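Visitor: Taking the hints into account, I'd like the entire structure generated from these sequences.
Each number in our numbering comes from the position in the sequence shown (counting from 1) with 29 added on.
You may find that some hints are simply not true.
With a Cα cut of at most 30 Å, we get these calculated DSSO-like pairs of lysine-lysine [stated by the list, open to error]:
#1 Lys43 x Lys279
#2 Lys279 x Lys258
#3 Lys54 x Lys38
#4 Lys41 x Lys242
#5 Lys279 x Lys199
#6 Lys258 x Lys242
#7 Lys43 x Lys258
#8 Lys41 x Lys54
#9 Lys54 x Lys242
#10 Lys238 x Lys43
#11 Lys279 x Lys41
#12 Lys38 x Lys279
#13 Lys238 x Lys54
#14 Lys258 x Lys238
#15 Lys199 x Lys238
#16 Lys199 x Lys242
#17 Lys38 x Lys238
What the hints contain is simulated information worked out from the structure, not anything from laboratory work.
The structure presented is a predicted model; accordingly, all values stated were derived computationally and were not measured.
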Amino acid sequence: MMSQNPILKEQKGKVLLLTFNRPEKKNALTQEMYEQMTQALNDAAEADDVHVVVIAGQGTDFSAGNDIAGFVAAVQDPDRISIPLHFLQAVSTFPKPLVAAVKGVAIGIGTSMLLHCDLVYADDTARFQLPFTRMGLVPEGGTSLLMPMHLGHRQAFELLVLGEAFSAEKAAQVGLINQVVPADALLSFALDKAQILSEMGPEAVRQSKAMMKGYLSTQLAGVLTEEVKAFAARLSSSEAQAAFATFMSKKAAVA
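Guide: As structure tokens, this is what we get:
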């Protein structure tokens, strides 16, 4: 049963905290959660009383990525693929600082969305993974562009195509996150950094972010769309269907 409010919103001064609230499923993202996050980000972008947004996960995990049941449904209704794309467009073009606090699992889009955040902190329980090819799929979330650009081809290939899980220490080493923080201080640490940003001149902060990311914006927008098209095509492939069936059978056996 899904938590009543799958996305929690809490205003702390000029900082908006958005929390994935499906802890019983490791905060795996449903279509409804994507829609609510997209709306929350779009609203925050226009709100004068929001200077910074922090993204976190309820319970022990950040996000296990896409809900597999949603994957299966998307095969039957490919138009639903546009819902995650709208979220990725919202997060990648968000004009104000985005801060993420990551604990537990961050799988698939749970990791790829971090590439669009301005500050990312994780505790030592965090485990990251981009298992797209292991599921018969292809990279999404702008990873096919941003990972090689920031990490170099070989490191990006290891994380994106080999697709093994990696630790917070590894994430910090390759520059995916800013810092590893003690578990009991993670959220407060991220909120403190957000508070510092929120007290700066908002126009100077927004303009600085725009200058740092602007040259990539058009290219990234095109890549996000092309990735989603390729991802949608792969969903109905025999490789993906076999991977989903294996995943679901293992899940049923555990249950």
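Visitor: Confirm or reject each hint.
Guide: Cross-check of the supplied hints:
no., hint, in the structure
1, Lys43 x Lys279, "violated (44 Å)"
2, Lys279 x Lys258, "holds (28 Å)"
3, Lys54 x Lys38, "holds (19 Å)"
4, Lys41 x Lys242, "holds (27 Å)"
5, Lys279 x Lys199, "holds (28 Å)"
6, Lys258 x Lys242, "holds (24 Å)"
7, Lys43 x Lys258, "violated (37 Å)"
8, Lys41 x Lys54, "holds (27 Å)"
9, Lys54 x Lys242, "violated (33 Å)"
10, Lys238 x Lys43, "holds (18 Å)"
11, Lys279 x Lys41, "violated (41 Å)"
12, Lys38 x Lys279, "violated (34 Å)"
13, Lys238 x Lys54, "violated (34 Å)"
14, Lys258 x Lys238, "holds (28 Å)"
15, Lys199 x Lys238, "holds (26 Å)"
16, Lys199 x Lys242, "holds (24 Å)"
17, Lys38 x Lys238, "holds (24 Å)"
Going through the hint list in order, the structure does not satisfy hints 1, 7, 9, 11, 12, 13.
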